[in-house]
Each structure stands twice: as structure tokens, then as C-alpha cells.
Amino acid sequence: MSDLDDFKATYFDECSELLLELEEQFAAIEEGDRSSDRLNAVFRAIHSIKGGGGAFGFQALVAFAHAYETLLDHVRDGRVELSDSVAVLCIRANDIVADFVAAAKDGTALEAGYGDHEKQQFDALTSGDPDMAGEPLEEFDIDFVPVMVNIAGAEDDPSEFAEPLDIAIIDDAFEAPPLLPEMGAWTIRFTPHSELYARANDPLLLFRELATLGETNVRAIIDEVPPLNDFEPFGVYCSWEITLRSETASEAAIAEVFEFVEGNCDLEIVRGAAPVVEEEALDAEIEAMPSFAEFAAEPAIAEEELELAPVLSFAELADSMKPVLKAAPPVMPTPLKQAAAEHHEFEGENDRRSGVEDRRNGVQSIRVDLDKIDRVVNMVGELVITQSMLTQQMDETLRARYQELVRGLEVLAQTTRGLQDSVMSIRAQPVKTVFSRMPRLVRELATKTGKKIRLETIGENTEIDKTIIEQLSDPLTHMIRNSADHGIESPEKRLAAGKTEGGAIRLSAEQAGGNILIAVEDDGGGINRERVLQVARDRGVVGPEQTLSDDQIDQLIFAPGFSTAEAISDISGRGVGMDVVLSNIKKIGGSVHVKSWPGKGTRMTLRLPLTLAVLDVMLVKVAGSPYVIPLSSIVETIQCARAKFSRMPTGGQVLQVRGEYVQVVDLASRFAMTTDVERDNRFVVLCEAEGGVKVALIVDDIIGQQQVVIKSLEENFQSIEGIAGGTILGDGNVALIVDVQGLKSSQTSHHKSAA
Amino acid sequence: MRVLTVDDSRTILAMLHHTLSNAGFEVLQAEDGQQGLDVLKNESVDVVITDINMPVMDGIEFIKQVRASGVHNALPILILTTETSQDKRDQGRAAGGTGWIVKPFDPEKLISVIHRVVH
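Chains as they are written, first to last, in my numbering: chain A, 1 to 755; chain B, 1 to 119.
Please note: incorrect hints may appear among the correct ones.
[Claimed, not checked] Quick list of simulated restraints, FRET-style, between CB atoms:
| # | chain 1 | residue 1 | chain 2 | residue 2 | range |
| --- | --- | --- | --- | --- | --- |
| 1 | B | Ser21 | A | Gln403 | 32 to 38 Å |
| 2 | A | Asp5 | B | Glu26 | 23 to 29 Å |
| 3 | B | Ser21 | A | Gly235 | 24 to 30 Å |
[Said to hold, decoys possible] Facing chain B, from chain A, some residues (calculated, C-beta under 7 Å):
| # | residue |
| --- | --- |
| 4 | Phe7 |
| 5 | Ser16 |
| 6 | Arg44 |
| 7 | Gly52 |
| 8 | Thr191 |
| 9 | Ala200 |
| 10 | Phe207 |
| 11 | Glu209 |
| 12 | Thr212 |
| 13 | Gly214 |
| 14 | Glu215 |
| 15 | Arg219 |
| 16 | Phe260 |
| 17 | Gly742 |
Hints listed in this document are in silico derivations from the structure and should not be mistaken for laboratory results.
Each residue gets a CB set at the ideal place from its N, CA and C atoms; glycine is no exception.
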């Protein structure tokens, strides 16, 4: 049933959010924040996971979550102290819940008894409490089948319901105990209290439900109703005596009808019919009730109030809610710049706040398909292009003649820019979604390496495109592993160097112009440049005569297959890692830079685009046509006349750049076009493809840098080797986006080059 | 007939929406008590179904505030909760709740409980 699958998808989505939130909360709890807000948030998360799991019959998950929830309930009201060992147990429990959720999602079975050990620990901690521990676990095996029910208010279109069910369905509401076959009659005396009405219960509805058990005879006792002068609108003056004739109704079944009003009324249920009373009183049968209900209960009054005082009462309501709003911490801009300026001092302000509060306080949201947003992003992209095209068309004579038009275009430019920013921000998410996974990683690393490491996060509310966020997790994990493994020294070494015993890793994010900078910084030993250079020379990454600046040596750690770990640890020293960071980040149009201070620490910075929809490019010309090359893959540009080309035996050409031989691709001949530009007037754009391999592209002219909106070729035409997509330039011309990686891999088949 | 459903779990909101709209109800949604109050400010509904455990404003406080507003005295409010323990239910009723629904609910029961409290 597809509906059920939809619900499940929603549920699993929700679960991953809740699990993430659990991690956030426990990261704070571990740091000593044991406020009730956090504990409540943890409880709610587990509660929601359990609740949804129950609806789909994930019994193992529900059973475990239930036991865990019981413990959390004890913890939040103080019956169980949240000691370090309990916190550790909870963190373990979160993992187990995550495993159960994953197993439920994939439909796989976990080993029998998984989580039982922890469950026993929960039970041991919460035992002796009859309140929750004894709470029966509901039977969670309900097949979710929607039914059509003919209900009041829906009668307008009876044809909608193929098989109208009678309202008598109420019979089996609330797991009524098996009805005992009992002949005869019951008398029910029912006197409501004012609370019953205050809770919007209505005697008429009770009688209606009672009537489903058998034949009823309702008599209103109105002796208490005062004369009109003394009549209190909210007073309760009426009681009822009902005779129920039923062959099947039990006392329990009758009591159940009054379940919701228990305690708000005097109720007496006795066997046998009530004595026959005078005719007129009997007239007050159930059919006569509606008018009475309107008269006795509030509706009439409420309506009157609605007319008279709704504004006032809502103003009061709003007033009474103000403290709630005030209690919310204001979302403050992070003191990023200040923190960044003092990159050596790990004393920046920690702005971790409860994610729940940030996300939920007073913020209303709707969920929208990413596809829909992407369509809007795309159309806004088109709009921006059209706008800049129009602006370009305005030459000086036109400007002088049509001043109104000029003003209009200026407003249009402003509005489109605002629109573009707003649309981009819809796709943006705070980096917190990735950052929040890191505290745990650092804890694990600290345990594994035996080092003391503290993690600080800054600017976690910085927003960035969702797709980019999804790609960030792996690189950040590698970088933090690297810092923990290679950066931070052992406590002994640190003490010997006059540092504090525990090291610190700082993870920060900030927006700088059209980019997001994410930095992983440690106060460890810094990069051992001698060793890095030695290894690089040994492996042929650096030529023997090549001399490198300190900065260039630092960047070597991103070279493919490069690892200086003296002992290969199971954390980061497998020789893969930092080069993966580089290629992942390049894939999303970013760059990586590392800076190191010997003995003081290392900072690795990721520079990421705000969005993937807009690309920073270099506009070039080849055989009269415009092409664009992603700026992120360009290393440098060289004039052809100054470049030194050498011909290979295979017929291909290479270019020597600073002792390094680079393959040459002449774009004109590669795309089978002829150019009449003299060879010495042409340019070489040196690009770096995936894995740090360089390729030199020969173009006719370099026009400049700009931003473009990417258009897919596959969707609109077909995929072409060496072309990553297309774009429309400000003047309306189409330019193709050069796929450096694709050119590089197809190079062998096109070795005909001319320069 | 219009129902306001208040629950911080999207799963539960989605299931309620499905069941209720199949039964011909018009369904409004809110993710916590505060949002529920905001909805009630502008919309009129025939019945409210609310969860208890919610962030920002929990169900108990939500019910209290609805009743305190003075204009929703006759609005039936059903407490939707997995808590089978008596005390949550009592708290909900003391705040002004009309009745309750036990999660996980089965669609027929859900509808029948609504009919217990709505004309």
C-alpha cells in the first residue's frame, strides 16, 4: 500500500532528524549541560521514534525505545541521576535505537537479543517503580487501513462512500471487554458537573452513544432549573435518568460511554428499569435534546462572546503568551570575525545552542519538494540573465533618451538580485547539520588515540546549499581525523612543549562574500615540512631539483596517495584521506588550503560556493565561440608565446610548467574547429582535474571572469564528452562549459594537437 | 467538518491527515501548541486533536490556553497520546481536554472517538 510507504518514508525522515537531534543534545549534556530542556528534548525524540514505530509495527524497535524512554522519564524527573555512566549508557542506547531504525528501514533483522543487555540495565535502573515500569506496552500490530465512515457533515455527497458504515461502529470503541449476554434493563442516573461542560463534553453525545447499546429512554430532571431571574448562564441545573434496554450491554460497556466524563459527573448505573414517571417528563426524550443542549450548555453564550469580545480576549491571549516568546534566546550573529582574527587563541565564543530552540521557536515551516525549489532557482537564474542582457543593451544614447526605462531597469536589477538571494536561501541549511556529527567523532578519536581533545564549533548557523552540505560530511570527517591523529600531540609531548595537556580542535564556518569558509584548526604540532618534503621527493610527487615554498610544501598533504604517518593507525593513516578531501571539495566547486605554524598548529580551510546553481567561471573564446571553464579547476593562465611545448612520440604535446610535464589539449582541434588566431597570440589555461592531475587547455582568448547559471546538456540535448553543460551569457549567447575531467580522460583518443 | 491536528511528529500528522481526510474531514495542522494557538486565532474548527509531548508549548499548556481564551469553551479537544498511564490523561482533562485517543490509533477508532465528542 503506497500510502503506508509514504508514511514510512516520512517516519524514517523524521527519525534521522530526531537521531541527529539526540546527538546534538548529548553533545551538550556531555559538556555538563543537564538542563531540563535538554532532557525533555531527548525524551521527546525517543518518544516520537517509539510512537511512529508503533504505528508500523516495528516491535523490536518499540520495545527497546519503550524501555529507554522509561529510563529517560526517570532521569528527567530526577528519580534516576544522570551520572556519567548513565550518560554513556544513553549514548550507547541512541546507537542501538539508530540500528533498530536502520534495520526497520532496510527490512533486515538484527541479531536476536540485540540491545537486551542495555534493556536490562534500564530495567535495573528503573526497577522498583510501579508507575512506569509496570505500564503495559500496547499491542502494536495494527494494519493501517483507512476506512470510509459516513459522518455528520459529510452527507452532502453520500455517493463518496461506497459502503456507509453505520455510526453503530462506536460499539467496539476502546477495546470494550467482551459483552456478556445479559437480558434486561439498566437505569443510569447522570448528573453532570460544570467541569463537564468546561471540557466541551456534551450530554447529548453521551446519550447518542448510549443509544447504540440498545433502546434508550431519556428523562430530564429539571426540578432544579430556577426561575429566569435567578438563572445563571453557566449554571448546571439539569440531570438525567436513562433507561437502557439491551440484551447485550454490560455495566462496563455502559460505564465506558461515560469514560471521558468520569469524575466530572455523578453517575449511577443500576440493574432494572426506572419506575415509570409522569407523561410530560417522558416527553423530554432524546429527540428533544438538541434544543435543550443549546440552552443548557455554553454554545449560545460562547457565540455571544465571540461577537462581543473576540479582539479583547485574543489580545489577552497574546499577552499571556509573550513570556513564552521572550524566553526564547534571540538568534544572534556569531562573533565570527573576532574569532577568526584570533586564530591562535582558542578562546572564541562557543555559540552552541540548543538546536531545537533555534529551529522551532516561533518559526513556521512547510515542506516543499526539492525539485520544485530547483525549478524556481532555475527560472530565477534565467531572469537574472535576461535582466543583465537588458542592461547591457542600454547604450549611452538609449540611456539619455529613455530615463524612465533606465530607472525601471535599475529597480529590476535590484529586485532580481534580491529574488536570487531569497531563492538561494531557500535551498540553504545551517552547517550545523554536519557539524553536530563531529563532537562524537572527536570523542571516539580521543578515546582511540589516548589523547585529550576538545572540540569547539563556531558559526554553526552559517547557511549553505543543501546539496553542498550533504557532500561535506566525508571531507570534514577526514580533516578532523587528520587533526586528531597527526595534528594534536600526545599529552606527554604537549606538556613537554609547554602546552596544556589537552589539545583543541576548532571547527568554524563563516560566509565571506559569495563563498563559505569552513576551517578545521588544531593547536597541535603543525606540519613537519621536512618530512613532508622528504616523502614527496621519495614518491616522485616533487622533482629532485624543484624547490618549494613552505606554503607549497603544506599543500602537499593533499597530493594523491600521500601519507606521512609513521605508523599506519586505524584512524587516518591509510594513505587515503586528504586527497579524497581535495577531490570531494573540488567536485562541489570548492577549494582547500592548509596553513601551518610549526609547533603551534594547523589550519585547513575549505572555500565553498554558496550554491551549486551558480558557477564562477572564466570566459574564454575558441574559434570565435565562447566557452566557460569552472574557476575552481583553473590553476593559472600562461601566454602561449612563453610556454615551452614538447612533442611526445605518440604525437601528443606536453608543456613543462615548473618542472612538471602537463598534457596539452588544444580546444579548437579537440572540438574539431579551425581558428585563425596566430599560435603565439593564444593562451594556455592550466587546469587541475580530479586527483591533482593537471591539463593545459589552449584557447584563443581569455575574456574574463563571471558567474553563470548551469544548464544541463543531458536534459536538453544529449551528453557530450568534454562538455559539462551549457549556460546563457548576458548577451544571450550560449556558451558551453568545459569539462576538464572529461577532456583529460578522453585525451588519449584525440592526440592530434596543434599549437 | 474541520479538525485541527497538533503533533510534533510529522509521521503522526501525516497519518491523521490521511485518515481524517478520507473520512471527509478538512484537516488543519500545527506542530506544537503555540502553532496550534496561532491556527485557532484565525480559523474555526469543530474539533482539535493534540499530542501531549511537544516542544515549545506542550499539549497540556495548549489546552489550558485554548480554554483560557474564553471563546473555545465548547470546542472538543482530544488528547492524542501513547501515554497509557492515568496521570497524563488526568492532566490533560484537568486542563480542559474533552477525551483522549490512544496511539497508535486505528482509523475506525479514531473516527468513532471523534464522533463521541462532536455533533
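Evaluated hints:
{"no.": "1", "hint": "B/Ser21 x A/Gln403: 32 to 38 Å", "result": "violated, 56 Å"}
{"no.": "2", "hint": "A/Asp5 x B/Glu26: 23 to 29 Å", "result": "holds, 25 Å"}
{"no.": "3", "hint": "B/Ser21 x A/Gly235: 24 to 30 Å", "result": "violated, 40 Å"}
{"no.": "4", "hint": "Phe7", "result": "holds, 5 Å"}
{"no.": "5", "hint": "Ser16", "result": "violated, 12 Å"}
{"no.": "6", "hint": "Arg44", "result": "holds, 5 Å"}
{"no.": "7", "hint": "Gly52", "result": "holds, 4 Å"}
{"no.": "8", "hint": "Thr191", "result": "violated, 18 Å"}
{"no.": "9", "hint": "Ala200", "result": "holds, 4 Å"}
{"no.": "10", "hint": "Phe207", "result": "violated, 12 Å"}
{"no.": "11", "hint": "Glu209", "result": "holds, 6 Å"}
{"no.": "12", "hint": "Thr212", "result": "violated, 10 Å"}
{"no.": "13", "hint": "Gly214", "result": "violated, 17 Å"}
{"no.": "14", "hint": "Glu215", "result": "violated, 20 Å"}
{"no.": "15", "hint": "Arg219", "result": "violated, 22 Å"}
{"no.": "16", "hint": "Phe260", "result": "holds, 4 Å"}
{"no.": "17", "hint": "Gly742", "result": "violated, 41 Å"}
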